[in-house]
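**Student:** Chains as they are written, first to last, in the numbering used here: chain A, 1 to 306; chain B, 1 to 306; chain C, 1 to 306; chain D, 1 to 306.
There may be inaccurate statements among the hints.
Note that the list lumps identical chains together, so a pair holds whenever it fits in one copy or between two copies.
Said to hold, decoys possible - In the DMTMM-like style, the derived pairs of lysine to aspartate or glutamate whose C-alpha atoms are separated by at most 25 angstroms in a straight line are:
no. : residue 1 : residue 2
1   : 135       : 66
2   : 42        : 82
3   : 192       : 38
4   : 35        : 242
5   : 190       : 70
6   : 261       : 242
7   : 192       : 272
8   : 192       : 228
These are calculated hints, taken from the structure and not from any lab test.
4 protein chains.
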Amino acid sequence: NRSQSSPAAGRLNLSGIYPPIATPFTTKEDVDYQKLKENLQKYARIPFKGLVVQGSNGEYPYLTEEERVEVVRMVRQSLPGEKLLMAGSGCESTRATVELTGRMAAAGADAVLVVTPCFYRGKMDSRALIHHFTKVADSSPVPVVLYSVPANTGLELPLDTVLELSHHPNILGLKDSGGDITRIGLIVHKTKTQDFQVLAGSAGFLMAAYCLGAVGGVCALANVLGQELCELERLCLSGSWEEARLLQQRLIEPNAAVTRKLGVPALKQAMEWFGFHGGACRSPLQRLTEAETQQLKQDFTTNGWL
Amino acid sequence: NRSQSSPAAGRLNLSGIYPPIATPFTTKEDVDYQKLKENLQKYARIPFKGLVVQGSNGEYPYLTEEERVEVVRMVRQSLPGEKLLMAGSGCESTRATVELTGRMAAAGADAVLVVTPCFYRGKMDSRALIHHFTKVADSSPVPVVLYSVPANTGLELPLDTVLELSHHPNILGLKDSGGDITRIGLIVHKTKTQDFQVLAGSAGFLMAAYCLGAVGGVCALANVLGQELCELERLCLSGSWEEARLLQQRLIEPNAAVTRKLGVPALKQAMEWFGFHGGACRSPLQRLTEAETQQLKQDFTTNGWL
Amino acid sequence: NRSQSSPAAGRLNLSGIYPPIATPFTTKEDVDYQKLKENLQKYARIPFKGLVVQGSNGEYPYLTEEERVEVVRMVRQSLPGEKLLMAGSGCESTRATVELTGRMAAAGADAVLVVTPCFYRGKMDSRALIHHFTKVADSSPVPVVLYSVPANTGLELPLDTVLELSHHPNILGLKDSGGDITRIGLIVHKTKTQDFQVLAGSAGFLMAAYCLGAVGGVCALANVLGQELCELERLCLSGSWEEARLLQQRLIEPNAAVTRKLGVPALKQAMEWFGFHGGACRSPLQRLTEAETQQLKQDFTTNGWL
Amino acid sequence: NRSQSSPAAGRLNLSGIYPPIATPFTTKEDVDYQKLKENLQKYARIPFKGLVVQGSNGEYPYLTEEERVEVVRMVRQSLPGEKLLMAGSGCESTRATVELTGRMAAAGADAVLVVTPCFYRGKMDSRALIHHFTKVADSSPVPVVLYSVPANTGLELPLDTVLELSHHPNILGLKDSGGDITRIGLIVHKTKTQDFQVLAGSAGFLMAAYCLGAVGGVCALANVLGQELCELERLCLSGSWEEARLLQQRLIEPNAAVTRKLGVPALKQAMEWFGFHGGACRSPLQRLTEAETQQLKQDFTTNGWL
């Protein structure tokens with residue numbers, strides 16, 4: 001376990017910036033481990049706290065469980081020991097999540113990121129979600145980070161559920177991708193005594209999240225502009241709010257482009273422009289159209305990044 | 001291939017009522033094949049056109065691929081040869097769907113029901129969906145039925161996509177669970193020359209769907225009140241609209257209770273009351289609370305079913 | 001009071017088809033009473049049950065209260081005595097609705113159509129809505145018809161509220177524009193003993209609504225294809241379901257075009273093509289673009305109406 | 001014109017905190033001008049930049065136009081000359097908004113706050129909205145502030161529309177109540193050269209909005225905790241971010257309680273507890289239930305305000 005200056009004795013300190021890394025594929029849509037390794041070598045030069053493997057941007061719903069574990073194992077081998085590896089281990093059923101969590105820990109994950117199950121979203125009330133996350137956290141060999149990403153799951157992890165789960169000794173924090181800054185501030189406020197760590201789930205509201213008490217961010221855009229997001233972190237932590245604001249403002253459009261506007265195919269296209277291997281997604285995700293590519297480029301150029 | 005009087009030469013005739021069967025589990029949450037078999041014996045006495053296996057009510061997102069195939073294989077063995085077996089084979093990625101579709105056909109499915117992939121719903125536009133369903137239909141050994149279930153997927157298969165896909169020779173029809181009767185009427189109207197078969201995806205709008213030109217229904221409630229739904233079909237087909245209306249009206253509340261209001265746990269609870277094996281769901285789906293059970297019971301009693 | 005063969009002794013019989021008439025304006029955006037009168041003369045030849053004045057298609061939110069009352073007074077003068085005049089009298093506050101209801105009755109309305117107040121939609125729960133409609137119905141000199149139109153108000157009148165209000169002696173029925181046929185069937189079913197009359201609020205689900213027990217329709221499209229909607233009514237009432245289906249299917253696209261797709265400006269444009277005065281809307285509603293006009297035309301031509 | 005150190009020569013400087021004042025009523029639901037005056041006397045001791053009259057919290061949709069103007073006139077008489085008076089003058093139609101805007105200016109408003117028209121929300125696209133706001137701003141004797149409040153209108157003023165309108169010489173800024181901090185940051189960023197002023201529309205995200213470049217806030221909670229919101233402003237402007245955060249966090253729950261959770265009736269109830277006249281709302285808004293009152297109280301007590 002690689003925990004640094006921990007916020008409470010023995011607790012893993014999550015603070016910092018993480019790219020939720022993309023999964024490169026070959027032209028036959030197989031995982032391209034060589035290209036992944038080359039991306040990791042480039043990310044090693046950026047002061048990330050660690051990496052998230054098998055987040056939404058890793059196309060985990062399109063990988064088999066074997067592939068999900070294998071990618072984690074391979075990343076762990078390439079990653080310097082002091083960097084955290086947070087692995088996405090969420091599945092729809094509790095039993096599958098428990099099992100995959102164990103395999104992720106065995107493959108070298110320092111923590112697991114567990115997304116809300118969502119297919120039967122009408123029935124995923126507090127009772128069901130508390131049961132699910134408690135079972136997973138009870139059995140997990142490594143700490144658990146909750147993951148709320150309503151744009152994909154159509155479901156926000158309810159506030160009362162987060163607060164209840166924050167008391168579990170093996171649940172460390174929350175990655176919140178919903179972007180409601182009021183909610184983030186309230187979660188920080190209501191969990192002060194639990195030393196619960198909140199990570200912004202997108203670069204668009206990273207500075208605001210720091211303002212309200214978040215400790216870091218897991219940001220798709222860090223796959224492309226990782227150095228800049230670490231710089232934004234430094235500005236926020238050192239109280240350089242004026243400079244932070246100007247940098248943050250220039251990141252909003254590129255971030256929106258590679259997330260909700262154009263999604264993973266855009267993230268991978270932008271990675272190519274910035275010297276990383278992106279390439280195509282697994283189907284049914286399609287390459288960008290020519291018009292979408294132009295739109296994406298414009299969102300980077302008008303903000304001075306290309 | 002067990003096709004009956006086909007609507008076009010050689011095309012499988014889908015018309016009729018299907019229960020999307022529930023999957024019974026043991027107290028340890030393993031698939032209970034024995035109880036499933038006993039349910040099948042009871043369903044054999046009801047004039048269903050066939051069964052849907054691994055629809056949403058079968059908790060397919062909570063089963064492994066192995067289990068999904070095994071359940072289909074086992075149902076095929078128990079099912080009289082003249083009954084259709086439609087198997088849900090949808091996965092998030094195209095490659096997994098293609099592969100599972102092949103395995104479902106090999107396990108004895110007469111047709112496959114392919115749900116819209118939905119995790120990256122912001123990117124699941126017509127282009128992506130047409131690509132996905134076309135690839136699956138091109139390779140499938142058995143006919144494909146499209147499956148739109150927005151309550152679970154947060155995504156309605158767009159009308160123009162349905163119309164485009166209706167021209168594919170291996171795409172037979174659509175199960176539409178959204179309940180927009182205007183849309184159902186329009187799909188029937190615009191696909192007349194393709195002989196495209198539309199199935200109502202819920203008992204709540206079954207009669208209205210027949211009015212507008214649907215050929216049958218895949219209805220969760222058929223797990224509980226199968227005989228009554230077949231009677232409703234008979235009344236609609238014979239033009240007994242007055243009687244049909246009275247029956248339909250009494251089915252709306254029980255249907256809502258076992259679907260959007262209280263979901264699969266309620267369906268399984270109601271099955272117990274009507275002599276079938278329901279039992280618990282896989283976690284994170286929870287058993288009904290006492291209050292929910294009372295509400296469920298009331299929705300059956302006030303309509304004269306209990 | 002012009003009630004016909006009433007469903008219960010003394011109750012106004014609402015059954016039949018009504019156009020919610022559009023309000024023509026001059027080029028200066030003043031109400032054009034002359035053109036309105038000419039439209040009324042043409043509508044007089046169609047076997048409508050009556051007219052709705054100041055429904056959503058009449059642009060009532062853009063008229064002053066004076067104008068709203070004046071239009072009703074003028075229509076009453078032109079309308080044959082045996083035709084019902086239903087006037088929209090809903091305002092945001094209860095006191096304004098009560099007052100306008102009284103003025104509408106004095107101006108000659110046979111019944112009032114009262115839309116759900118909606119600005120504070122988060123607070124418009126059953127308690128608030130029951131209070132509102134009860135106060136209005138208590139004081140109204142003419143019968144009240146509830147009006148639920150979620151596409152405009154962002155609020156569906158809750159089912160339990162409708163059922164509760166159906167017991168009020170001065171609340172006759174509901175115009176439901178939401179299009180959920182399951183809800184319509186359930187309302188008919190649960191209000192049988194109150195002799196509560198449900199009107200379909202759009203032509204897209206008119207036949208389905210008749211199937212489930214509705215007694216008529218208030219349909220924007222009746223401003224354009226009124227004769228055809230009366231024919232659809234006749235086919236439904238006489239049990240000619242096959243013919244009804246074919247006619248209904250051809251009406252879905254034109255109806256969608258003049259309602260949710262392109263709205264009141266499209267309705268008024270289509271009226272021009274069919275010999276009525278439509279013209280421009282009050283601002284901020286804009287005339288159709290050229291592309292929208294083509295789309296609208298196509299929705300009529302491909303279904304054989306132009 | 002009372003502009004202070006203006007951001008551009010001659011432009012009204014909006015920066016600061018504003019309560020959108022509530023409208024007290026008598027037990028007969030008439031406007032209670034005496035109580036309103038007494039509230040104003042108390043607000044005069046708080047360093048607000050000014051007041052918003054006839055915002056959503058003023059129940060403007062429940063007032064007649066006469067009342068709306070009369071309240072503004074009366075507030076202007078009581079308000080010290082250096083305080084800004086921003087009056088809500090939005091109506092559904094452009095012509096009514098133009099007219100009321102003129103009357104508001106004549107009654108003493110320094111600026112008008114114009115809400116998005118919303119009844120025909122499906123048709124309120126950029127074209128319609130740009131037309132509407134341009135017409136209003138062209139004719140308005142005083143500067144115009146745009147007002148986007150999707151919780152009430154079901155419609156967010158689109159970003160591209162805001163950017164386009166920011167070029168109008170008589171459109172000064174935007175009150176944004178949607179709470180999307182990414183959007184607020186982007187609007188500030190993209191309008192830098194227009195000197196466009198953004199006001200946070202709610203206290204829940206006030207600090208985050210300051211971080212991203214907003215110049216102030218129009219906050220319902222300022223009716224209750226006005227001094228504290230002015231203190232939060234001071235902390236943000238002086239760079240005391242740590243203290244600001246602690247104060248902001250304690251304001252989130254009380255703010256949510258008097259806005260989206262329990263609405264205007266809760267705001268008025270809380271005003272009573274803090275020495276202001278709140279009282280009942282106009283119907284259909286209802287007084288809080290006992291349970292709601294307890295919930296409201298708790299949201300203030302657990303954060304140390306009661």
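**Student:** Next, verify each hint and record whether it holds.
**Tutor:** Verification of the supplied hints:
With identical chains, the CA atoms of residue 135 and residue 66 are at most 25 angstroms apart both within one copy (22 angstroms) and between copies (24 angstroms). Taking the closest pair of Cα atoms, residue 42 and residue 82 come within 25 angstroms of each other only inside a single copy of the chain (16 angstroms); across copies the shortest separation is 58 angstroms, beyond that limit. Proximity of residue 192 and residue 38 under a CA criterion of 25 angstroms is satisfied in neither setting, with 40 angstroms inside one chain copy and 40 angstroms between copies. Within a single copy, residue 35 and residue 242 get their C-alpha atoms no closer than 38 angstroms, and across copies no closer than 43 angstroms, so neither meets the 25 angstroms cut-off.
In this assembly of identical chains, the alpha carbons of residue 190 and residue 70 never lie at most 25 angstroms apart, being 38 angstroms within a copy and 44 angstroms across copies at closest. Proximity of residue 261 and residue 242 under a CA criterion of 25 angstroms is satisfied in neither setting, with 28 angstroms inside one chain copy and 34 angstroms between copies. When the C-alpha separation of residue 192 and residue 272 is checked against a cutoff of 25 angstroms, the pair qualifies neither within a copy, at 41 angstroms, nor between copies, at 31 angstroms. Taking the shortest Cα distances, residue 192 and residue 228 sit within 25 angstroms of each other only across copies (22 angstroms), while inside one copy they are farther apart (29 angstroms).
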